[in-house]
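Undergrad: Starting from two chains that each stand alone, build the complex the way the hints lay out.
So the protein sequences, as listed, match chains A and B.
Under our numbering, the first residue of the first sequence carries the number -8, and numbering increases by one thereafter.
Under our numbering, the first residue of the second sequence carries the number 3, and numbering increases by one thereafter.
Please note: incorrect hints may appear among the correct ones.
Listed next, the in silico DMTMM-like pairs over lysine to aspartate or glutamate satisfying Cα-Cα at most 20 Å (straight line) [to be verified]:
1) A:Lys216 <-> A:Asp320
2) A:Lys304 <-> B:Glu47
3) A:Lys355 <-> A:Asp320
4) B:Lys50 <-> A:Asp204
5) B:Lys83 <-> A:Asp182
6) B:Lys83 <-> A:Glu358
7) A:Lys595 <-> B:Glu8
8) A:Lys218 <-> A:Glu192
9) A:Lys355 <-> B:Glu47
10) A:Lys595 <-> B:Glu89
11) A:Lys178 <-> A:Glu188
12) A:Lys484 <-> A:Asp462
13) A:Lys230 <-> A:Glu295
14) A:Lys595 <-> B:Asp86
15) A:Lys355 <-> B:Glu8
16) A:Lys355 <-> B:Glu89
Read the hints as simulated data drawn from the structure, not as lab findings.
This structure is a prediction, so every number in the text was calculated from the model and none was measured.
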Amino acid sequence: MTSLSSALVLAAPVLTPPQVGYGTLFALVIFIVASMYIGVLANKAMSSGAFMKGFFLGNRGLGAWALALTATVQSGGTFMGFPSLVYTHGWIVALWICGYMVVPITGFGILGKRMAQLSRKTGALTVPDLFRARFNSPALGLTASLFIMFYMSFMMVAQFKSGALVMKIAWPASGSLALSEDATQYKLTTDKLAGLELPAEVRDKVAAFADQDFANEVEFKAALKEKLADGEFTAHQSKIVAAASPIDWLFYLGLGIFTLTVVGYTMLGGFLAAVWTDLFQSVMMLVGVVFLLILAVTAVGGMETATVEAVSKTGPGFVFGPGFDPTNDGREYLPLGLAVSFFWVWVYAGVGSPAGMVRIMAGKSTEVIRKSIFLLSGYNYLIYLPLVVICICGRALIPDLPPGKTDEIIPRLAMLTTAKLPMGSFLAGLILAAPFGAVMATVSSYLVVIASGLVRDVYQRFINPQAGSHDLRRLSYMAMIGVGAIAVLANIKPVAYLQAIVVFSGTGAAATFCMPALMIAFWRRTTVAGTLSSMFGGAGTMLVLYVLGFSGYGADRRIGSVTTFRPYFLLDLDPMLWGLLVSFLAGVIVSLLTTPPDAALVSKLFDAEESGSTPATKPA
Amino acid sequence: MSQPTEDPVLRSARREAVVVFLIWLAALLYTVPYCYLNGYNRSVESLKFVWGFPDWVFWGIFAPWTVCVIVSLYFGHQFMKDEDLGEELPEQEDELGLGGG
Chain A
-8 MTSLSSALVL
2 AAPVLTPPQV
12 GYGTLFALVI
22 FIVASMYIGV
32 LANKAMSSGA
42 FMKGFFLGNR
52 GLGAWALALT
62 ATVQSGGTFM
72 GFPSLVYTHG
82 WIVALWICGY
92 MVVPITGFGI
102 LGKRMAQLSR
112 KTGALTVPDL
122 FRARFNSPAL
132 GLTASLFIMF
142 YMSFMMVAQF
152 KSGALVMKIA
162 WPASGSLALS
172 EDATQYKLTT
182 DKLAGLELPA
192 EVRDKVAAFA
202 DQDFANEVEF
212 KAALKEKLAD
222 GEFTAHQSKI
232 VAAASPIDWL
242 FYLGLGIFTL
252 TVVGYTMLGG
262 FLAAVWTDLF
272 QSVMMLVGVV
282 FLLILAVTAV
292 GGMETATVEA
302 VSKTGPGFVF
312 GPGFDPTNDG
322 REYLPLGLAV
332 SFFWVWVYAG
342 VGSPAGMVRI
352 MAGKSTEVIR
362 KSIFLLSGYN
372 YLIYLPLVVI
382 CICGRALIPD
392 LPPGKTDEII
402 PRLAMLTTAK
412 LPMGSFLAGL
422 ILAAPFGAVM
432 ATVSSYLVVI
442 ASGLVRDVYQ
452 RFINPQAGSH
462 DLRRLSYMAM
472 IGVGAIAVLA
482 NIKPVAYLQA
492 IVVFSGTGAA
502 ATFCMPALMI
512 AFWRRTTVAG
522 TLSSMFGGAG
532 TMLVLYVLGF
542 SGYGADRRIG
552 SVTTFRPYFL
562 LDLDPMLWGL
572 LVSFLAGVIV
582 SLLTTPPDAA
592 LVSKLFDAEE
602 SGSTPATKPA
Chain B
3 MSQPTEDPVL
13 RSARREAVVV
23 FLIWLAALLY
33 TVPYCYLNGY
43 NRSVESLKFV
53 WGFPDWVFWG
63 IFAPWTVCVI
73 VSLYFGHQFM
83 KDEDLGEELP
93 EQEDELGLGG
103 G
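Next up, chain B with everything else stripped away, as it sits in the complex (with noise of 0.2 Å):
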């Protein structure tokens, strides 16, 4: 008897999950440690501006809050897969309950 196939949808979804996840964690990682290191604690006559941002605001958040939004356009552009997510269950057993299995 052969072993039953991996539902593609599935297969997909946890790739870019995993994706999506290093991402995120890409962003914490920069993001906070920057400012942190940055922003945090400094005097005034230190501060610069870079586009009328503070610059730790500017190379902190604003560039990759920009790179973010670069990247969220790629991922749904061109990284995440169409899929035909299946036949729903018939509207009268929908409107009667289901059992799951």
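Bound conformation, chain A alone (with noise of 0.2 Å):
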């Protein structure tokens, strides 16, 4: 059989959406049990020494695995958004993505070293503590914390939606696949309509669909725009959508689920648990892309034939930049301006982001943060490169998927190239887990910061700075669960715009903080103006064009992802980048204007100490 009708055979069974079998499910049992299991283990580690120290740090004792496959940005968005992008846009997402080549070295490199000095110089826990302890300012420390709560709380909601989400689909006979936000049975009931405050045309106009079922919101909205007047539409459509959803038991099930399994792990084995689960689920993560690759290309006949193929059934778009346009409207998904900016992007994201920086903080030597930079570089190499083959070969073997529906490119390429494996629903099983896996790593270390930045940066340092260890971790225990019922409470109604909340939380978290991070770890005379005014610039300028983008400021650029939570690209540039300007010049002029910190405070942070040690001899 050649490979084109081998890909002809294997893709034939997709017309009918493929169910997911007992295996998934299997899959995210082991997952659940395994993380539980390491968060005892965590418990056990850091039960030896100082509760803040261990439950929040780990007692700075993470070695070189453990802090390369865990202290950059790859979050749950990295592998079910991405996914979706390749196989709408095609081979640009590899240069949209493609920053990641310098991510570990820029991540280790750049801050690392001196960040895990100061930490120790200071006895710092939290960035916050660092902030704080730099000029001796509880104000600065508490601006870092507030800050950091904010960006991780956005965050943190986002990725609960997304972690119920791969619960719902693990579900047998679930009917559902997708990871998308939409992806649910919609239907206006006779009763329904009848409840609803309507104008009477409008009410007749939508009378005409009344009972009918839509797979997803997407459809629905488009049926309703279509019986309707552009300004009936804008007026009540909000209000007609809500009446349509769905209860669904199994969004709210999964929550559930994965509420309890994270909260619970987290708060048995504090920092440890978050960065051991991360490390699981990085390893696991790799098995299946790599495993998925060669399922992948095999079934397709090759790379160069699925290019072939995927080029057929889309069009030239998908080969070249600025990328393929599936609305066929004149969007550039990847133009100059965002090509440069994501280069950016992915890299100062990783250098300016504060659960990062702890992490580097936790590493127990140099020796952990130099060979964190190699093994992390070749993890990338076989993750990111990988995945974007992997999406071109779905699109040659399953051209077809909807808008709303791309994000199903994963489960439904694992499903359908090991239906003829033996135990091959287990094997997709596994490969579908990895997502959840990752979900739960992600909001496993927010959990620690948030609570981080609760108990130690506020409570401890403003409330009770006599608190006992006793107070501390019944206080950490209650910060987590406090924001897991909030973030629960926040998914009643789930978010929406999840992949565009992520990436404005990166980016805005790194905008506040790369710079300040650089000014105080290299800069003598930055001072607690200069230090404030760079936070306050970076973030302030993500926020003014985030909300300028949002209200509808300026023509849509059409540029970039399809979303209406998007910022307003000033000269086709991210906002990051933008804030990173302000916040640099910010930073640097206002520490200028004022006056110089602390000479002795300086001199204990920047110069050698007189009876210090001497630097350890590189081993051979």
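TA: Okay, structure coming up:
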């Protein structure tokens, strides 16, 4: 059988959506049990020594593998939104992501050694601790902590939704494969329509499709838009869509199980549990990607065939920049400005990520930091380009996923390519469980950072500095339960714009913290006012550009992904670049205009100690 | 009174940070212009493949990514210096908070 015909044979069954088998649920259960077990192990490992340093910093004992595979910006979104982008826009997404080629060396090489040293010199357990200690300024520490909690809260709520969605697809015969936000059945019943307050003419138009089933919100809205005039649609669509939304029991069940699992094991093992589960899922992810790469390329008959097939199903845009435009309305997915931007975005979102910084602070030694550089470099090399190739093969094998369903590409491909293998369902399950692990690990690490912000940076610093270990432990647990409960409540009506929120939080945190972190690490002359200006300058710029874009200021430039939660792309550049620029200028100018910091304090952090230890020699 | 000497860890960290910044800049200045000049708005007829990749992806992304992996290996293995990160504050002080000065 030729490769092309085998591809067609494989592609045939996808006309009817494949059902998730018990293998997927089994794989998720393994993940959950393994994570709880890791939590117990972490609990034992951190029990020696002080609670705060053990719970929030793993007693500074991270080794190279743990640091390498967990300290950068990979999250659930990396393995869910990204494949959908490749499937939709084609090879250009390789350029979009390729900044990751230098993420390991920049993430650890720019700030790693200095952050690790400063955190030891000051005894800092958290990033705000470090900012506070650099100038002996409680106000700066508190500001940093509030910013971190602000960005992380956004991210947390979005990630809880991802976790619930992954749980939902794992249920056998749930009928839902997608990780999409809108993958569920929509129906406006006659009873619900009768209960809506609508003008008579609108009611009559909508009644035409009462009691009719729609696969998802996108299809329902399209039908609604077709029936209503523009003004009517704008005025009434939100309440009509809300009335047609089903009560999604599987989503809520998934949300419950996800929350109990992730909050449970994080409470058990704190920072170490978060890091170790992250390491576990990273290894699983690598195994899944390599395995799926071999299966997908074999199924389609080679990479070249995959591209040729995919181009024949789409168009030339699939193999060239600025990317394939499925809507055919002139949108450029990656014009030059955004291509340049994303080479900055991935790198500086890694350098300026507070969750990444705290893991570097937890590194055991400089040897661990430098080893992490090449370990992560190899890992990224085996993950990102192979994922691009997998999704190009996906477009050739499963060419017609509609918009709103493109998130299904990895689950569908996993089921398709393992269907004929022994234990195929379980193998597919292992591949599908990987994104669940990624989301769990991300949420777990954010839980630790937010709880440390509340307990260490607010309670212990400002409310009760004399608090004992018992109190701090109890408060840490309460903080995690509280944050979990808030995230669940926020998802009773699930948030929209999931992917856009993740991007906003990551780039916002980078624009806020990257320059201040560089200044406190390397510049003696920087001051409290300068650092604060740098933080507010970066954050303010991001906020202004997002508010302008979201409120519809300026014409839609028709670049980037299609989303209503879009920023204003000044000169076609991502807002993070403007945020970094303003943060840099504000930090430097205000520092130079204000009184220099205390010379003794600066000397303590920048000069050699008189009877200091000598540099260690490099091991042979 | 003698001037205090700069912390050797700071000195090596700064030197390494500058080198890393230059590596990032070199990767940016090669990758994006190469892909823009060779991978945008071409005709399908002109498309060639290298090892299964479209030619511009191979030379503009795969090749520099491979170089970056090798450079990272050299940087982490040979260039970056191991240093003593210093003693940490005593546990009790750490538990009760710190002044920084």
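Undergrad: Would you mind marking each hint as holding or not holding in the structure?
TA: Verification of the supplied hints:
no., hint, result
1, A:Lys216 <-> A:Asp320, "holds, 18 Å"
2, A:Lys304 <-> B:Glu47, "holds, 16 Å"
3, A:Lys355 <-> A:Asp320, "violated, 53 Å"
4, B:Lys50 <-> A:Asp204, "violated, 46 Å"
5, B:Lys83 <-> A:Asp182, "violated, 72 Å"
6, B:Lys83 <-> A:Glu358, "holds, 8 Å"
7, A:Lys595 <-> B:Glu8, "holds, 10 Å"
8, A:Lys218 <-> A:Glu192, "holds, 11 Å"
9, A:Lys355 <-> B:Glu47, "violated, 54 Å"
10, A:Lys595 <-> B:Glu89, "holds, 13 Å"
11, A:Lys178 <-> A:Glu188, "holds, 18 Å"
12, A:Lys484 <-> A:Asp462, "violated, 34 Å"
13, A:Lys230 <-> A:Glu295, "violated, 48 Å"
14, A:Lys595 <-> B:Asp86, "holds, 16 Å"
15, A:Lys355 <-> B:Glu8, "violated, 24 Å"
16, A:Lys355 <-> B:Glu89, "holds, 12 Å"
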